[in-house]
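All chains should be modelled from the sequences, with the hints used to inform the complete structure.
So the protein lines, in turn, are chains A and B. Be aware that the first sequence starts at 0, since it is given in numbering that gives the first Met the number 0, and climbs by one per residue. Be aware that the second sequence starts at 0, since it is given in numbering that gives the first Met the number 0, and climbs by one per residue.
Because the hints were derived from the structure by calculation, they are not lab data. Each hint should be verified, as a subset may be incorrect.
Said to hold, decoys possible - Taking lysine-lysine pairs in the DSS-like style, the calculated list, with each CA pair at most 25 Å apart, reads:
hint	chain 1	residue 1	chain 2	residue 2
1	B	93	A	136
2	A	129	A	92
3	B	84	A	138
4	A	136	B	84
5	B	93	A	92
6	A	92	B	39
Stated by the list, open to error - Here are a few chain A residues that face chain B, going by a calculated C-beta distance under 10 Å:
hint	residue
7	14
8	15
9	33
10	37
11	93
12	94
13	97
14	107
15	112
Even for Gly, the Cβ is constructed at its ideal location relative to N, Cα and C.
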Amino acid sequence: MRENTNEMELIFDSRSENEGFARVAVAAFMTQLNPTLEEVADVKTAVSEAVTNAVIHGYRQEVHKIWIRCRMNRHALEIEVRDQGQGIENIEKAMQPMYTTRPELDRSGMGFAFMEAFMDELEVESEPGKGTIVRMKKKIGQGRDGWTLQ
Amino acid sequence: MKYQIEENCLTIFLPKELDHHQTEVIRREADRQIERNHVKYVIFDFGETSFMDSSGIGVMMGRYRKLSLTGGEVWAANLNERMKKILKMSGAAKIIRIYEEERK
Numbered sequence: 000m001r002e003n004t005n006e007m008e009l010i011f012d013s014r015s016e017n018e019g020f021a022r023v024a025v026a027a028f029m030t031q032l033n034p035t036l037e038e039v040a041d042v043k044t045a046v047s048e049a050v051t052n053a054v055i056h057g058y059r060q061e062v063h064k065i066w067i068r069c070r071m072n073r074h075a076l077e078i079e080v081r082d083q084g085q086g087i088e089n090i091e092k093a094m095q096p097m098y099t100t101r102p103e104l105d106r107s108g109m110g111f112a113f114m115e116a117f118m119d120e121l122e123v124e125s126e127p128g129k130g131t132i133v134r135m136k137k138k139i140g141q142g143r144d145g146w147t148l149q
Numbered sequence: 000m001k002y003q004i005e006e007n008c009l010t011i012f013l014p015k016e017l018d019h020h021q022t023e024v025i026r027r028e029a030d031r032q033i034e035r036n037h038v039k040y041v042i043f044d045f046g047e048t049s050f051m052d053s054s055g056i057g058v059m060m061g062r063y064r065k066l067s068l069t070g071g072e073v074w075a076a077n078l079n080e081r082m083k084k085i086l087k088m089s090g091a092a093k094i095i096r097i098y099e100e101e102r103k
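Here is the structure:
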């Protein structure tokens with residue numbers, strides 16, 4: 000356990016109605032970092048993408064558990080979204096923008112692209128049958144420095 | 000789903016948060032209205048919307064795919080700056096037309 004880090008862990012059903020809950024929970028937790036509104040919006044969007052992936056792709060809309068773990072230090076937020084679903088066969092392909100394995104569901108295939116756009120770092124660990132872990136990091140708290148000339 | 004039909008034009012008033020959960024409803028209802036009323040033009044009204052993820056892009060693109068077969072169009076209106084930015088950064092703004100206030 001590192002000093003000056005603050006962690007939380009959330010476990011919830013992979014129901015689409017919980018996507019909003021996950022966003023708000025992470026947003027609430029990160030308030031302590033004094034984020035800008037834009038940083039909160041960015042993180043909410045990235046969390047929404049990762050959770051939606053677990054709901055639609057990981058569990059193919061069956062109800063199982065999704066884990067979210069957040070860890071903060073003074074300047075940065077790390078988020079881990081985990082499912083024990085079907086896993087990703089080809090991670091590189093999955094992360095290509097516009098690629099989707101579920102076109103019939105009107106999926107834009109842009110989930111990972113959005114995560115990459117709104118977070119500073121993105122890492123995906125997955126194996127077919129072994130679930131998926133999405134790890135994202137973002138530096139937060141530009142607002143903390145008070146007046147900044149830009 | 001909050002919507003309005005005028006002849007062959009369907010306006011969908013999007014909710015505050017446009018995510019996968021919300022788009023599931025919109026997808027079903029919009030397609031039902033499109034078929035029933037031979038809709039050619041769909042307008043997504045973002046007036047109440049302050050959050051959108053890639054599911055929102057997906058539901059608009061899906062409607063576009065359907066409508067483009069009959070020469071229809073999909074528009075987005077009343078977007079705030081963030082929504083506009085997301086639409087543009089996703090590339091969807093090349094296909095989904097943005098209705099600016101000045102165009103009235």
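Tested hints:
1. In summary, the hint linking residue 93 of chain B to residue 136 of chain A is not supported, as the alpha carbons are separated by about 30 Å, beyond the 25 Å threshold.
2. With a C-alpha separation of about 18 Å, the suggested pair residue 129 of chain A and residue 92 of chain A falls inside the 25 Å cut-off, and the hint holds.
3. For the hint pairing residue 84 of chain B with residue 138 of chain A, the CA-to-CA distance comes to about 21 Å; that is within 25 Å, so the pair holds.
4. With a CA separation close to 22 Å, the supplied pair residue 136 of chain A and residue 84 of chain B stays within the 25 Å bound.
5. Of the supplied pair hints, the one linking residue 93 of chain B and residue 92 of chain A holds, its CA atoms being roughly 24 Å apart against a limit of 25 Å.
6. Proximity of residue 92 of chain A to residue 39 of chain B is assessed by CA-CA distance (about 35 Å); at most 25 Å being required, the pair is judged violated.
7. Annotation: residue 14 of chain A was flagged as interfacial toward chain B, and the flag holds, the nearest CB pair being 8 Å apart, inside 10 Å.
8. Checking residue 15 of chain A against chain B: minimum C-beta separation of about 4 Å stays under 10 Å; hint holds.
9. Hint on residue 33 of chain A is violated. Least Cβ distance to chain B is approximately 20 Å, over the 10 Å limit.
10. Interface restraint check for residue 37 of chain A: the shortest CB-CB distance to chain B comes to about 8 Å, inside 10 Å, so the restraint holds.
11. Interface hint at residue 93 of chain A: violated, since its Cβ lies 13 Å from the closest Cβ of chain B, which is beyond the 10 Å cut-off.
12. With a cut of 10 Å, the hint placing residue 94 of chain A at the interface with chain B is violated, because the nearest CB-to-CB distance is about 13 Å.
13. At its closest, the beta carbon of residue 97 of chain A sits 8 Å from a beta carbon of chain B; the interface hint therefore holds under the 10 Å criterion.
14. Below 10 Å, beta-carbon pairs count as interface contacts, and residue 107 of chain A has one with chain B at about 4 Å; its hint therefore holds.
15. Residue-level restraint check for residue 112 of chain A holds (minimum Cβ-Cβ distance to chain B is 7 Å; threshold 10 Å).
The structure fails hints 1, 6, 9, 11, 12 (numbered hints given earlier, in ascending order).
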